[in-house]
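There are 2 protein chains.
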Amino acid sequence: MSKVACDLSISLDGYVAGPNRTLEEPLGRGGELLHQWALRLRAFRAEHGLEGGDTGPESDALAEWQKSSGAVVMGRRMFSGGEGPWESDPNANGWWGDDPPFHTPVFVLTHHAREPLELSGGTTFFFVTDGLPAALEQARAAAGERDVHIGGGASVVQQALRAGLLDELNIHLVPVLLGTGGVRLLEGLEQMELELNAVTDSPEFTHLRYRPRS
Amino acid sequence: MSKVACDLSISLDGYVAGPNRTLEEPLGRGGELLHQWALRLRAFRAEHGLEGGDTGPESDALAEWQKSSGAVVMGRRMFSGGEGPWESDPNANGWWGDDPPFHTPVFVLTHHAREPLELSGGTTFFFVTDGLPAALEQARAAAGERDVHIGGGASVVQQALRAGLLDELNIHLVPVLLGTGGVRLLEGLEQMELELNAVTDSPEFTHLRYRPRS
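In order, the protein sequence lines correspond to chains A and B. FYI, the numbering used here numbers position 69 of the first sequence as 49, with every residue one higher than the one before it. FYI, the numbering used here numbers position 112 of the second sequence as 92, with every residue one higher than the one before it.
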């Protein structure tokens, strides 16, 4: 059965991005520290056209995650990388380049209608103006038997949690504090119990898989 | 070498207490969910004079933690359990009863000078009016070769982190969201990297041991 899942790196103080996000530094101050664990993995590097990298349980888990993806849903800001080109030029290409690492249809939540944007490597961005449930429905149809991944940002994940539309929350807990002013993943939510389904330890990070209890 | 450590249960959204804290419910709405993992462990039950309970790595880790404690430092609110009796009656006994589970000297940070309060089982509360560094110094002297444990609350842990006075941060990550309005453990801090030293998995919770990098 196809599921809706997300997979995000957060700091120990709960942030997916640091303070002072700018177009040059869309992850905010220190935000790049959240993603270093992935950069060294073979599965991550292969997806981005790079050679080498570490093998092992972490890389295997990432490869499995990549393989399970049939479609992606993301917010406008995650597509555009910030407020810049997207706001001023509705034909801008986001910040993912000509060969984005998704290799599936990607459904971007936005208020600006726009024609689909087909790029190399199997990624086509579709722009959805009627909200998250509609985007998830289109993504499910596109994904077939594979899963729908919510790419982010935090507000999209929060919407999905609030609406009971998220089946799996994968968290990579990074041992860093990003400090006041960043973007918190789990903010403004109601009380909710989750089930811890899997933990993958690494020497430096902790990868956790939760399922919201319905 | 004696160290300063703390050990707290937090929700996945980072709270040590839920919203709407009252004298009757000092942990706030849902806050008791953070501590259920401990209640079932033999080491916890023994410390509180109860029989039975689960053995295994979690109970062993807790027993080791208890054994390492030579003195405790805590905030006023953790001593009093809220705003009530402590504010209105400076001779109030806190909410720990006649035989508190510390069995060591406990140094309470407060603005109200008060004579030490000696109770059964080896617990004596000392009241320190000149701040956290002074309290830690007294606690270190009392602890000898054993460790100083910061019991909480969140603001005392934050003070210690800010001042570089915390050697070890133990977190029990509980798969529940407590939602808006609770007390966050890691709030208002500067950017900081930590080292992940140990992970103890349980079927339901994740126990993490960090050391702030200096």
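Mixed in with the good hints, there may be bad ones.
One copy or two, either will do: identical chains are not told apart, so a pair holds if it fits within one copy or between any two.
[Stated by the list, open to error] Derived SDA-like pairs: lysine to any residue, alpha-carbon spacing no greater than 25 Å straight-line: (1) K47 <-> N0; (2) K47 <-> E167; (3) K(-17) <-> P183; (4) K(-17) <-> T160; (5) K47 <-> V(-16); (6) K(-17) <-> E5; (7) K(-17) <-> T104; (8) K(-17) <-> H187; (9) K47 <-> H91; (10) K(-17) <-> E12.
Honestly, the hints are just simulated from the structure, not real lab data.
Against the structure, the hints come out as follows:
no. : hint            : result
1   : K47 <-> N0      : neither (34 Å within a copy, 44 Å between copies)
2   : K47 <-> E167    : neither (30 Å within a copy, 37 Å between copies)
3   : K(-17) <-> P183 : between (30 Å within a copy, 23 Å between copies)
4   : K(-17) <-> T160 : neither (34 Å within a copy, 27 Å between copies)
5   : K47 <-> V(-16)  : within (14 Å within a copy, 45 Å between copies)
6   : K(-17) <-> E5   : neither (32 Å within a copy, 38 Å between copies)
7   : K(-17) <-> T104 : within (21 Å within a copy, 54 Å between copies)
8   : K(-17) <-> H187 : within (19 Å within a copy, 28 Å between copies)
9   : K47 <-> H91     : neither (30 Å within a copy, 59 Å between copies)
10  : K(-17) <-> E12  : neither (29 Å within a copy, 31 Å between copies)
The structure does not agree with the numbered hints 1, 2, 4, 6, 9 and 10 stated previously, though it agrees with the rest.
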